[in-house]
Every structure is written in C-alpha cells, then in structure tokens.
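Given the structure of chain A, go ahead and fit chain B onto it with the hints provided.
There are 2 protein chains.
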Amino acid sequence: MAEANQKRRLVAGVDLGGTKILAGIFDAQMTCLGRAKLTTKPERGFKEVVGRIGRCVEEAVDECDLEMSQIQAVGIGAPGAVDADTGEVVFAPNLDWHEAPLAEALRGLLKLPVRVENDCNAATLGVHRVEFGGTPRNLIGIFLGTGIGGGFIVNGELYCGASHAAGEIGHMVIDVGGPKCACGNSGCFEALASRTAIFKKLQKAIAGGQESLLADQLGADLKGMRSGDLRKAIQQGDKLARQVITDAADVCGIALANLVNCCNPEVVVLGGGLMEALENEMAPVIIKSARDHFFTGNQNVKIAVSHLGDDAGIIGAAVLACGLAA
Amino acid sequence: MAEANQKRRLVAGVDLGGTKILAGIFDAQMTCLGRAKLTTKPERGFKEVVGRIGRCVEEAVDECDLEMSQIQAVGIGAPGAVDADTGEVVFAPNLDWHEAPLAEALRGLLKLPVRVENDCNAATLGVHRVEFGGTPRNLIGIFLGTGIGGGFIVNGELYCGASHAAGEIGHMVIDVGGPKCACGNSGCFEALASRTAIFKKLQKAIAGGQESLLADQLGADLKGMRSGDLRKAIQQGDKLARQVITDAADVCGIALANLVNCCNPEVVVLGGGLMEALENEMAPVIIKSARDHFFTGNQNVKIAVSHLGDDAGIIGAAVLACGLAA
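Chains as they are written, first to last, in the working numbering: chain A, 137 to 462; chain B, 137 to 462.
For reference, chain A alone in the conformation it holds in the complex:
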C-alpha cells in the first residue's frame, strides 16, 4: 500500500479559517484520500498557527496511512488579502495578521513547496475543477458566510487581478448610504447579506419588540446563534427569520446580477456556510431576484449551488499544490 502510494503524485490542500484549519490529502485526480481538522487559535499568534497548520497536514497524512515523505507539495487558502507571488498574507482581519509570510514559514516547517491563495479564490478553483470538470471558460464563485467573498475563473484560469486583490465582491456597494460595513464604508454586499449582517438585523428587530422563536430559544441577544438555528426557526414558521433571510437572498440576487451584467460568465456558483445551511430557503429567492436584474444577453447564464461544502477550499488548494508538484 505505502509502496503504491509512493509512486502516486500526492499533495495536501489546506483551508485556513478564523476558527478552524481543514487539511486534505489528494491524488492527481483530485480524489480526497483523507482529511483532518484542528481549531485555528489565532489569539496564540502567527508562529503557533503555522505550527497548527503543519500538524493538521501531518494528521491528514496519518489518517491516510501515509508518510509526510510521500507528499510533494502543499496548497493553502487563507482569508483576507493574499499575495500569491510572495506567499504573504497581506492583511487578514480575523486572524489579526499583517504581512504574514505564510508560505515561507510553512515551507520552513514542512520542507515542501507551498502555494498560498485567497480562500475564496481557492474555493472557486475547487468548484470549477471538481463540480464543473474544469469546463466553463468563465465562472464566478460567490461564498456567503460570516463575510462574503468571491472568485473569478476567466478564460479557464483563476483570475487574480493586477495585485492579487480581485474577488472582493463583498465590498461591492449595492445600497449607497446603507448599513455600515466592517471595512468602513456603507451599504456593502457583506453589510447586507452576510451571516453577520443577518444576525445583526435579527437582533435589532427583536430588540425593537418583534417576535421570533429564535428569541424564545436563544434569548433576546441570540447568543450563540448558528445558521442551522435560523433554518429550523423558518421551518417552524418563524416569520421574522423568514423575512430577514428572504431580504438577504433578494440582495444577494441583485449582487449576483451586478456581477453577471459586468462579466457575462457561463456559470455563477453559490457556496459558503450560510448557503449550505439555508439553501432551500435562500437559493430560489436569489435566483429569481438575479434573473429579474439580468440585462439583455445573459439569459443563458447558469446559476448553481455548490455541494462541495468545506471541501471546495481544500480541493482548490490541492489544485494549486498540483501546479507546484508538476
């Protein structure tokens, strides 16, 4: 078994998040041989997180009954602004990292080639490669979670822009003068339709006296609320929860149409934790709202929901690692 594996080209794909690290081991066909998960613990600082990433990769390798010597390269998707040329995480607010030399540190630790990309770029690459067989020439990934990010495949390849900053669709303003965003501006897509925005809106409505099963279950401050709680509340007939989710989905459809009217891709894919938890509640509204806002010539644009979940990020990171192992 180990001998057969040694002849295969194996890589590790890592998805680094603010709360957890996910690592997977992949062969050249992008089959996942095994996975491991660790908490991130960003409060312990950069060096400690790098160590945890290394351990997570080692755990995933062990999970597959392999040895580290059989791994040829590591790809990693990291949150925030990433310079893929230098391998630096330029700015990642939820890790509190500024100009963090992630590729260099991980290379030193694991003695392997390392490629770093923005997490949403990596996830878009994963979705494009595995769910769409790499065929669409132009694809846009929209990931709804705590924040909102995106990725672009242009002419069959990941598009990163002039300085690796492309894909920040969460900071597209769609409601001038709208709610304040964490970035400092107002009315950003992320300030209207991310999990954070939805939670804030619900808290405010409940504080304002509106009724919701969520308040009965979690208390008025909705402490510890998860996307799954929202889904259950809607299924139990919670009108406030349904309204807030419908409004967010409607806005999401407008943002999607904005991207389509500008870029006219073949496919737009919706993913991320919020989408995963609330697909049935959000996807039909998003699709209707988007199509209502499509300009002439986009009637054939396909809108799909990714079902890769957390795997999108590690697959995309593995695709990047494959480029290094070639």
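Derived from the structure by calculation, the hints contain no laboratory data.
By construction, the Cβ of each residue, glycine as well, lies at the ideal position given by its N, Cα and C atoms.
Watch out, some of these pointers could steer you wrong.
Here are some chain B residues the structure puts well away from chain A; computed CB gaps all over 10 Å [stated by the list, open to error]:
#1 R144
#2 F182
#3 R191
#4 L202
#5 F268
#6 R273
#7 E304
#8 I342
#9 A343
#10 Q346
#11 L395
Some but not every residue of chain A turned toward chain B, in silico, with C-beta under 10 Å [claimed, not checked]:
#12 C319
#13 G323
#14 Q339
#15 T382
#16 D386
The following block gives chain B in isolation, referenced to the frame of chain A:
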C-alpha cells in the same frame, strides 16, 4: 500618393450612435488619415442607416484622397447588445433594432470584411491601444454619456464574456430601491449618474422650486440642455448644478470602486461625452470617492481620464478591423 497608399494596410473604423455616425480611416499604426460624420436618422429604419454608414465610410475615404478599393476591412462599434460572432446587433433600444444583421448588410454593401462590436468595448480597446500603448494587462473603461457603458481588457485582450454581453456596468445596482432605470430595474448606476439621470434630477429640483441659472437660461423644463450648459452654469456659480454633478460624480466613484474591488485592474479609464464636458468638475470627486471605497490591495490602481473623446470608438473599431485585414 495613391500608389504609396495602396501598399499600406488601411482600414475604416466606425462609431455608430443613436444620433450620429462617425467614420475614420486608419493605417496599421492607428494613425487617423481622415474622418467623416453623418447623422444616423434611425427613424428611417435599418436599411437606410446601413446605407448612411456606407456613405460615411466613403466620405472619410474621399476626405483622405483615397479610394474605397484601398480599404481592406471595416470595424464598427454599435450601441446595445452586440453578438460579435454573428455580427448581429441583438438589441439596441436607441436605434430600435432587434436582431439586426449589421455586419452582413454592411459587407453586402461595401464588399469588405466587417467586424461589429459593442461601442463601449470598441472604445475601451481604442483607449487601451492608443492612450496606454496596449501595455496594461487589465484595464476597465467607464463611459459616461446619455447612458453608461463599460469595457474590460483582461490579460491584454478585450473581454466579451460568454455571449458578448460583458461590460454592462450601467446596470450595476448601487442603490437598492433607488430611482427607476430605463432597463426596468431600480437604482442602477445609469439611473443615478448618466446625463439622462442628471438632467432628470435637475428638472425635478427646479420644478420643486430650487433656483438655478439653467432655468433662467433654458426655461424650467431645461429643454435642449447640453453637458456644456451644465459646465458653464457651474463655472458661473450655480449651486444646484454643482450639487447634482457632485452627487453624480460621488456615485460614479462608488461604481468605479465596486469594479476595482471585484476585478483589481491596473488602470481604470473614464471617458464619454459627459466626462469630456465636465472633467474638471467631476474627475476629482470621482477619484476621491473611488479611493475612499477601495478595499485593501488596490492602492496602486491608476484612475485616468481619456482624452481621445469621440476618437476612442473609431480607433477601437479600426483595431478590430485590423484583425480582419491581417
């Protein structure tokens, strides 16, 4: 003279607008040898307009002391949704054209290869080639006029999307629930910052009792107002005109930042009739507003104003024609 010209590769570039047709004759270095202009008269129907385009090209050729036999190909930028593969103008509201076979008709008339493109795509190509020497890998053109359109250069080439519908940046919603747009939706960039939107806002303010030199000069309905009248009014201290133009420029900066946050280009170029007439009044506001809305990683994006004016479109069309003449 004629003999020397015969050895050169000469092409015609045409910009077809709702009110006028502009044609230019270019050599392979994109030097303009001469121009001609005709009114469009779209009310006379498709066939008549095609005839007028042909005559305009012939006039431009005559203006250069050349003969039609010396022209090797024609490129044409047309308003609305254009299918560059079939050469069809799929939909052009201000010409009242639906599925109009422009390339075929013009080819039949002039007995020359013809390439049709969306007018803003052609203008972006013209700006990229002539004002920027074709060097930026990624450039976005924003054209402010009666409507608002755009074009994208990606990896050094014109990006048209999956079905030639890319670049409709005027129908990016940036104010959900905002003013009604001609496309049927609300809060589009075009409904907030085009010449049409600015004129409507001024008319409404004056009808509501606000004072303006424009009303004194043109009457309360502002009949026949041009962008130049606006500039003059602002220069004469018209507060209402300045406020409306400042608001439009502010919104334009937000739209520009939206595009930059998504696409992270090297350069964004502002052009179009409104920009040409009101550069001093609008450009500084646009640039400030855009930079205030740039997300991390875009600090090196260059914002420039095109000074090609009407020539951007005919140059871009000539670049396309050159591809056919090669």
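So F182 of chain B supposedly isn't at the interface. Is its beta-carbon more than 10 Å from every beta-carbon in chain A? Holds: least Cβ distance 18 Å, greater than 10 Å.
Using the nearest Cβ pair, does Q339 of chain A come within less than 10 Å of chain B? Cβ of Q339 of chain A sits 21 Å from chain B, so the hint is violated.
Take a quick look at I342 of chain B and tell me if its Cβ sits farther than 10 Å from every Cβ on chain A, holds or violated. 23 Å, holds
Going by Cβ atoms only, is G323 of chain A closer than 10 Å to chain B? Since the shortest Cβ distance to chain B is 8 Å, the answer is holds.
So, C319 of chain A near chain B? Judge it on the closest CB pair being under 10 Å. 6 Å, holds
Quick one: work out the minimum CB distance from R191 of chain B to chain A and report holds if it exceeds 10 Å, violated otherwise. With a cut-off of 10 Å, R191 of chain B remains clear of chain A, as the shortest Cβ separation is near 29 Å.
Verify that the Cβ of R273 of chain B lies farther than 10 Å from every Cβ atom of chain A, and report whether the claim holds or is violated. Non-interface label on R273 of chain B violated, nearest chain A Cβ at 7 Å vs cutoff 10 Å.
Does T382 of chain A meet its interface restraint, that is, does its C-beta lie within less than 10 Å of any C-beta in chain B? 14 Å, violated
Evaluate the condition: distance from the CB of F268 of chain B to the nearest CB of chain A exceeds 10 Å. 13 Å, holds
Going by Cβ atoms only, is D386 of chain A closer than 10 Å to chain B? Constraint on D386 of chain A satisfied, holds at 9 Å.
Can we confirm that no CB of chain A comes within 10 Å of the CB of E304 of chain B? 4 Å, violated
Does Q346 of chain B sit more than 10 Å from chain A, CB to CB? At roughly 21 Å from the nearest Cβ of chain A, Q346 of chain B sits farther out than 10 Å, so the non-interface label holds.
When held up to the earlier numbered hints, the structure conflicts with 6, 7, 11, 14 and 15 and fits the remainder.
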